[in-house]
Amino acid sequence: MAEFIHLKIKRQNGPNESPRWEEFKVPYKPNMNVVSVLMEIRKNPVNAQGQKTTPVTWDCSCLEEVCGACTMIINGNVRQACSALIDKMPSQVITLEPLSKFPVIRDLKVDRSVLFEHLKKVKAWINIDGTFDLGPGPRVPEKERRWMYEISRCMTCGCCYEACPNFNARSSFIGPAPLAQVLRFNNHPTGAMDKEARLETIMGDGGITDCGNAQNCIEACPKKIPLTTAIAKLNRDTTLYSIGRWFNR
Amino acid sequence: MSKNKIIVVGGGLAGLMAVIKAAEAGVEVEAFSLVPFKRSHSLCAQGGINAALNTKGENDSIQQHFEDTIVGGDFLANQTPVKGLVEAAPGLIYAFDRMGVMFNRTPEGLIDLRLFGGVKNRRTAFAGATTGQQLLYALDEQVRKWIAKGKVKEYIGWEFLSAVVDDEGICRGIVAQDLNSMEIRAFRADAVILATGGAGMIYGKSTNSVICTGSAAGAVYRQGVPFANGEFVQFHPTAMPGDDKLRLMSEASRGEGGRIWTYKDGKPWYFLEEWYPAYGNLVPRDIASRAIYKVCVEMGLGIDGKNQVYLDLTHKDPEFLEVRLGGILEIYRNFYGEDPVKVPMKIFPAPHYFMGGIYVDWNHMTPIPGLFAAGECDYMYHGANRLGANSLLSAAYSGYICGPNAVKYIKGLQKSAEDISQKVFDRELNRQAGIFEAIYRMDGTENPYTIHEELGETMITHVGVVRYDKNLKLADEKIQELMERYKRINVNDTGRWANDVVPFVNQLWNMLELARVITLGALNRNESRGSHYKPEYPDRNDEEWLKTTKAYWTESGPRFEYEDVDISLLKPRARKYD
Ligand code: SF4
Ligand code: SF4
Ligand code: FES
Chain A
629 MAEFIHLKIK RQNGPNESPR WEEFKVPYKP NMNVVSVLME IRKNPVNAQG
679 QKTTPVTWDC SCLEEVCGAC TMIINGNVRQ ACSALIDKMP SQVITLEPLS
729 KFPVIRDLKV DRSVLFEHLK KVKAWINIDG TFDLGPGPRV PEKERRWMYE
779 ISRCMTCGCC YEACPNFNAR SSFIGPAPLA QVLRFNNHPT GAMDKEARLE
829 TIMGDGGITD CGNAQNCIEA CPKKIPLTTA IAKLNRDTTL YSIGRWFNR
Chain B
26 MSKNKIIVVG GGLAGLMAVI KAAEAGVEVE AFSLVPFKRS HSLCAQGGIN
76 AALNTKGEND SIQQHFEDTI VGGDFLANQT PVKGLVEAAP GLIYAFDRMG
126 VMFNRTPEGL IDLRLFGGVK NRRTAFAGAT TGQQLLYALD EQVRKWIAKG
176 KVKEYIGWEF LSAVVDDEGI CRGIVAQDLN SMEIRAFRAD AVILATGGAG
226 MIYGKSTNSV ICTGSAAGAV YRQGVPFANG EFVQFHPTAM PGDDKLRLMS
276 EASRGEGGRI WTYKDGKPWY FLEEWYPAYG NLVPRDIASR AIYKVCVEMG
326 LGIDGKNQVY LDLTHKDPEF LEVRLGGILE IYRNFYGEDP VKVPMKIFPA
376 PHYFMGGIYV DWNHMTPIPG LFAAGECDYM YHGANRLGAN SLLSAAYSGY
426 ICGPNAVKYI KGLQKSAEDI SQKVFDRELN RQAGIFEAIY RMDGTENPYT
476 IHEELGETMI THVGVVRYDK NLKLADEKIQ ELMERYKRIN VNDTGRWAND
526 VVPFVNQLWN MLELARVITL GALNRNESRG SHYKPEYPDR NDEEWLKTTK
576 AYWTESGPRF EYEDVDISLL KPRARKYD
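Each protein sequence line maps, in turn, to chains A and B. Sequential numbering from 629 applies to the first sequence in our numbering. Sequential numbering from 26 applies to the second sequence in our numbering.
Any given hint could turn out to be false.
Reference listing, derived: stretches of chain B covered by chain A, where coverage requires no fewer than 3 residues with Cβ under 8 Å from a Cβ of chain A [as the list claims (entries may be wrong)]:
no. : segment
1   : 45 to 55
2   : 334 to 347
DSS-like, lysine-lysine: derived pairs with alpha carbons at most 25 Å apart [stated by the list, open to error]:
no. : chain 1 : residue 1 : chain 2 : residue 2
3   : B       : 292       : B       : 341
4   : B       : 440       : B       : 176
5   : A       : 657       : B       : 331
6   : A       : 671       : B       : 503
7   : A       : 749       : A       : 823
8   : A       : 771       : B       : 81
9   : B       : 367       : B       : 292
10  : A       : 638       : A       : 671
11  : A       : 852       : A       : 749
12  : B       : 341       : A       : 851
13  : A       : 749       : B       : 174
14  : A       : 771       : A       : 657
15  : A       : 680       : B       : 174
16  : A       : 771       : B       : 341
17  : A       : 748       : B       : 176
18  : A       : 671       : B       : 601
19  : A       : 671       : A       : 657
20  : A       : 851       : A       : 729
21  : A       : 749       : B       : 572
22  : B       : 174       : A       : 748
23  : A       : 680       : A       : 657
24  : A       : 823       : B       : 176
25  : B       : 178       : A       : 748
26  : B       : 601       : B       : 572
27  : A       : 716       : B       : 367
28  : A       : 636       : A       : 671
29  : A       : 861       : A       : 851
30  : A       : 851       : B       : 572
31  : B       : 319       : A       : 748
32  : A       : 823       : B       : 170
33  : B       : 319       : B       : 331
34  : A       : 852       : B       : 367
35  : A       : 823       : B       : 174
36  : B       : 331       : A       : 716
37  : B       : 170       : A       : 749
38  : A       : 749       : B       : 331
Hints were generated in silico from the structure; no laboratory data involved. Owing to the predicted nature of the structure, the values given are computational and were not obtained by experimental measurement. For each residue, glycine too, the CB sits at the ideal point set by N, CA and C.
The shape of chain B in the complex, shown without the other chains:
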């Protein structure tokens, strides 16, 4: 009996870190990814990664990083895991440093740090404005080394469809599809780690890559794993408005001195600086997004009468900007044709990050034994709002501990996946094959991409920065209407080779299921906390809602349960940035 195989799904920061840690522990790893690892969405993270290195003489500390994270998350994050996160942060940065990450340096050749939102100390290590890219590439290089050694096997261009769960309820592998040959196959593994990222595509347009559909999370939700805190979706305050994508303009631009303004009475009005004198432009993202929304939508003061305000860097030295923010300057120039060094950028909030996700315990295992989740697809570290530059950290950290946790788990197993009857795998394989055969036969009148577009419009209008019960109900009705129309889809392509439409139709159903989780979770939660803001319930209500939302799949829609939050280390207090 060999008990030593782990499957990791997802080639972003969390997934690759889990791969490396499992490989270092001597376990055989199979790594599945939709795209070559280097093209994963972690590379769109720009500004940096947080760690209390305290190298700037500001008395920064692990404890301060902890408090900033908990307060930033409006006390919804479980505190013990967050403690682990911030404690490990310096060591993680150093590991990346040793891998050769090209972090910007001080004149002494040490890792430089910059300021970010929701904090007062410089704590963010960065590589220009492409930090996610540089960290991802470093892990990609390390994994390539393991592949060259024959210890890791990669499956690129494969999509996770479902977990294989045996009669005892234990996860024994996965079913996945090769997106070229369209072959659907079952794979055995003693533990499975999902590191499948966020689900920005549920909002149609977001800062996310188009591969961020959340489909894998939706699939295991339908297999009985709860989806936690779905209603907490971060809107990033500064993204370029666009017709195909809302391109992120890093928070680092404000960390380096960028100012947000619009015109009022014919004069520039720095509304964040006026409303929040203590933190100014560096208030946390939920607060900045609401302020911009208010200025544009409620006060009608957007630039040129549109939903946009200025993000202004023009007062800064051009060379300084190039060295520290080059990556975003390039994106703005390429896609907007103006130079942010000379002209202020036009920005507006955009869906950006899912604080919520697959429910896991503190070892990152889901309620299905053997099935783990790490990275943005889990719900663990950010509570009701994530601080900037904590996402690269939580992605790397959760992979860093999830890999060894999975190794530990398989050491304690009675039976290996190899001992499990083939029938268990065939059953799940046939179920998935059946779903796909049904999709191939869809010859109705609806176009799946149009349904997706309507889903996005619904979510962004009704389940956005500001939420009203009436609109949330409308959104849920609309999603259910789309679920009806889904049944009348025409796939337009019945080819059995590199067919893009058929997998998309499968993803679309998972997106629709999760859209209901988000919408109904928001409808239920009668309070305002972090990114979830309801003017009808403007205050945080710890008495009733200091709770993690857990949505369970049922035939007729999500069923909700609520669980107490671990507040053992820091007593909840009012969250103030003014």
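Isolated chain A (complex conformation):
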């Protein structure tokens, strides 16, 4: 293994500044990941040319790939930086870029608040009356629970959005992750009571019909959430619902 880890980082001082590339050489240690390499840089913020520079700004929190904060583009692929192990990187030079479909705040830190706005739009919650003690919730078959649990592990990281050809900073498409959430909430015994309201939210502009079935999202999801199966299922649900709605007019 080389003595140094060679990094090329796309940096940008603020939302309206132009990006530039800066290179770094960080002494190699075994078992590093992209976050721990960035942490080394801030202990000695000097670039590969030996010039003093500012530490790189990026997001991270859990360091175990559950919070989704540290998502960025590493060697051209969207993924979490904390679980990007250096010892497993094939290339000589590691390139780091911010997500391209969200506004850059600074360097590798981007503004993903739109992801949470979309969860709001599709009413991704169970509408309980209150947190007081009303006894247990409905019984749930373990078989059903398993796939709903898979979907409920979505960490809103944005990988699927980055990969989706039909989502960009200007499109109104609500994106793959919230669609899967709609399916999960619509299948919960209590959540099903608001099924129609949720379906309505994804039937208009920017809704499920904006998905071109390109299947990129599922490839990109680090949690292997069955996004395309969920979208296909939901497509049937919306079709049935609109037929029903037409009949009941």
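Assemble the complex: chain A is given as a structure, and chain B with the ligands must be docked to it using the hints.
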């Protein structure tokens, strides 16, 4: 006069629960969080949440849950609040259930329960091995509903800097900083709830997320709120050793049958099972951590001569493991590249949880009226050692009662925050702005991240699982040296936009202050109790030390006071697991 605004700081389980309860009571809520709520540290809790649901035919009871918690905490927890906690537990689980939490189910579709450490009955509800995540997400969803209704306003990416305290000593709001624009602003509120979590970052590497600096707790400690039981830091026995983080491998792995061993005389040695036949691998965390420490450090029997032993699941059915422990298997595979289903995991104790924290009364109010604390940042429920799966419970419960308590408090107020002179807010705002301007100007030779690294190394070597007076003194000297060097920091970045270094430098001082509280609290406490173990004083000493530690900030370091513990419900007895 409008008297109805509450600020909640922290978007983890305790904070979000407080937000929901306050919103349900019809109060206007502003919720501040460093990160989007969904990324808060509660999501790293894995194994489950305790409640005596007694659905396994084992005669489990609230009383048994109470006794296990008190004994597990080595009698240092106040008993009346713990009673409240365990009584509310079943109702809380059911509320989460109604929110749609994907708890694992029995064949009948009921909430399944599993075994955890320090107990003999199955009492832990769980959602795979990502229970904290699932509970946090459920509350995040509920809060989003309140936000959509316009009843809750969120401030994401803001850091709490200090409480605004008026001339009568009453809390009237907070000063916070936007971590993108770097703007520092004062916010008015009739009550403030801090739910800012633990402080694992004081130990450098721990099982905690990097946002768990304890800075908010340190800030109010410096404003006169006592920090209680700082010396009680839980080391989780089973974490993956690592260079950047010590990743938790849930206690659930032992609850589901995982065994701890190392080689002795060429043969596997199940030392916990040998030393503690009654509880075996499921002894409480302080005991398991000390045993592993002893085997590795004192007996030199770690695997490959390193500080690590095996946590072995390989005898279990792979599908069973996937359904019940999938989340941790995934972490181990991702970060270590081996499959725990086939090869035993290598683990070692790691700093994990602060039993101590902000001093509050039983309503969760600090000695500053109007300032409350809930969740890991308070000190209330775990005494000298926390039982596994009681932390999600105490986080949710303390938020659950703290919200309504704060509402009740503001109903009794004479004056609303709106009636308080602007001068009070400007004064605190200017004080904080001054501190930050001084940080921007720091152009010395020291790097703040290096100072932090040295702090972590000091704490983990000298204020860890086993504590000696000589080493504790060394640690305190080292912390003071770091405080001197702090003054010569170079910030390396004077930018006024999304500057990460400047807020970190501010947090670092709060970490250094709390590090002294932990270290000197440990030095003073001449006994061994729960997680605090001093070989020079190997026994618990109820006569002198059945007391809550209260550290008060002074210019020259913490001043300590001690307070009696409420033992009104269960008489202290010897703590035995063998
Ligand atoms: S399947 Fe739909 S949502 Fe997924 S990437 Fe393709 S267009 Fe996007
Ligand atoms: S579906 Fe997968 S890729 Fe998309 S936000 Fe959720 S976890 Fe990330
Ligand atoms: S830091 Fe949480 S996913 Fe990487």
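The hints, checked one at a time:
1. Taking a C-beta to C-beta cut-off of 8 Å, the segment 45 to 55 of chain B contributes 3 residues in contact with chain A, enough for the three needed, and the coverage statement holds.
2. Counting residues of the segment 334 to 347 of chain B whose C-beta lies closer than 8 Å to any C-beta of chain A gives 0; at least three are required, and the coverage claim is violated.
3. Pair hint residue 292 of chain B plus residue 341 of chain B holds up; C-alpha atoms about 21 Å apart against a cutoff of 25 Å.
4. Our distance criterion of 25 Å between C-alpha atoms is met by residue 440 of chain B and residue 176 of chain B, whose separation comes to about 23 Å.
5. Note on residue 657 of chain A and residue 331 of chain B: the hinted pairing holds, with a Cα-Cα distance of about 18 Å set against a maximum of 25 Å.
6. Taken as a hint, the residue 671 of chain A and residue 503 of chain B pair is honoured in the structure, with Cα atoms around 20 Å apart against an allowance of 25 Å.
7. Taken as a hint, the residue 749 of chain A and residue 823 of chain A pair is honoured in the structure, with Cα atoms around 14 Å apart against an allowance of 25 Å.
8. For the hint pairing residue 771 of chain A with residue 81 of chain B, the CA-to-CA distance comes to about 20 Å; that is within 25 Å, so the pair holds.
9. Note on residue 367 of chain B and residue 292 of chain B: the hinted pairing holds, with a Cα-Cα distance of about 19 Å set against a maximum of 25 Å.
10. Distance restraint check for residue 638 of chain A and residue 671 of chain A: the Cα-Cα separation of roughly 19 Å lies within the 25 Å cut-off, and the hinted pair is therefore satisfied.
11. For the hint linking residue 852 of chain A to residue 749 of chain A, the alpha-carbon distance of about 24 Å falls within 25 Å, and the restraint holds.
12. A distance of roughly 24 Å separates the Cα atoms of residue 341 of chain B and residue 851 of chain A; the hinted pair therefore holds under the 25 Å criterion.
13. Of the pairs offered as hints, the one joining residue 749 of chain A and residue 174 of chain B holds, with about 12 Å between alpha carbons and a cut-off of 25 Å not exceeded.
14. Note on residue 771 of chain A and residue 657 of chain A: the hinted pairing is violated, with a Cα-Cα distance of about 44 Å set against a maximum of 25 Å.
15. With a C-alpha separation of about 49 Å, the suggested pairing of residue 680 of chain A with residue 174 of chain B is violated against the 25 Å cut-off.
16. The hinted pair formed by residue 771 of chain A and residue 341 of chain B meets the criterion: a straight-line CA distance of about 21 Å does not exceed 25 Å.
17. Proximity of residue 748 of chain A to residue 176 of chain B is assessed by CA-CA distance (about 14 Å); at most 25 Å being required, the pair is judged to hold.
18. Proximity of residue 671 of chain A to residue 601 of chain B is assessed by CA-CA distance (about 46 Å); at most 25 Å being required, the pair is judged violated.
19. Of the pairs offered as hints, the one joining residue 671 of chain A and residue 657 of chain A holds, with about 15 Å between alpha carbons and a cut-off of 25 Å not exceeded.
20. For the suggested pair residue 851 of chain A and residue 729 of chain A, the alpha carbons sit about 20 Å apart, so the restraint of at most 25 Å is met.
21. At roughly 51 Å between alpha-carbon atoms, residue 749 of chain A and residue 572 of chain B are farther apart than 25 Å, so this suggested pair is violated.
22. Note on residue 174 of chain B and residue 748 of chain A: the hinted pairing holds, with a Cα-Cα distance of about 10 Å set against a maximum of 25 Å.
23. In summary, the hint linking residue 680 of chain A to residue 657 of chain A is supported, as the alpha carbons are separated by about 22 Å, within the 25 Å threshold.
24. With a C-alpha separation of about 24 Å, the suggested pair residue 823 of chain A and residue 176 of chain B falls inside the 25 Å cut-off, and the hint holds.
25. Restraint check: the Cα-Cα separation between residue 178 of chain B and residue 748 of chain A comes to about 14 Å, which is no more than 25 Å; the hinted pair holds.
26. Between residue 601 of chain B and residue 572 of chain B the alpha-carbon distance is near 21 Å, which keeps this suggested pair within the 25 Å criterion.
27. A threshold of 25 Å between alpha carbons decides the hint, and for residue 716 of chain A with residue 367 of chain B the separation of about 21 Å falls inside it, so the pair holds.
28. A hinted pair counts as satisfied when its Cα atoms are at most 25 Å apart, and residue 636 of chain A with residue 671 of chain A qualifies at roughly 18 Å.
29. Under the criterion of a C-alpha separation no larger than 25 Å, the hint pairing residue 861 of chain A with residue 851 of chain A is consistent with the structure, at around 19 Å.
30. Among the hinted pairs, residue 851 of chain A with residue 572 of chain B is inconsistent with the structure: their alpha-carbon atoms are about 46 Å apart, more than 25 Å.
31. Restraint check for residue 319 of chain B and residue 748 of chain A: the C-alpha separation of about 51 Å exceeds 25 Å, so the hint is violated.
32. Proposed proximity of residue 823 of chain A and residue 170 of chain B is supported: the alpha carbons are some 16 Å apart, at most 25 Å.
33. This hinted pair checks out: residue 319 of chain B and residue 331 of chain B have alpha carbons roughly 13 Å apart, not beyond 25 Å.
34. Annotation: proposed proximity of residue 852 of chain A to residue 367 of chain B holds, straight-line Cα distance about 22 Å (limit 25 Å).
35. Only pairs whose Cα atoms come within 25 Å are accepted, and residue 823 of chain A paired with residue 174 of chain B is accepted, the gap being roughly 19 Å.
36. Among the hinted pairs, residue 331 of chain B with residue 716 of chain A is consistent with the structure: their alpha-carbon atoms are about 24 Å apart, no more than 25 Å.
37. Pair hint residue 170 of chain B plus residue 749 of chain A holds up; C-alpha atoms about 10 Å apart against a cutoff of 25 Å.
38. Of the pairs offered as hints, the one joining residue 749 of chain A and residue 331 of chain B is violated, with about 52 Å between alpha carbons and a cut-off of 25 Å exceeded.
Hint violations for this structure: numbers 2, 14, 15, 18, 21, 30, 31 and 38, all remaining hints satisfied.
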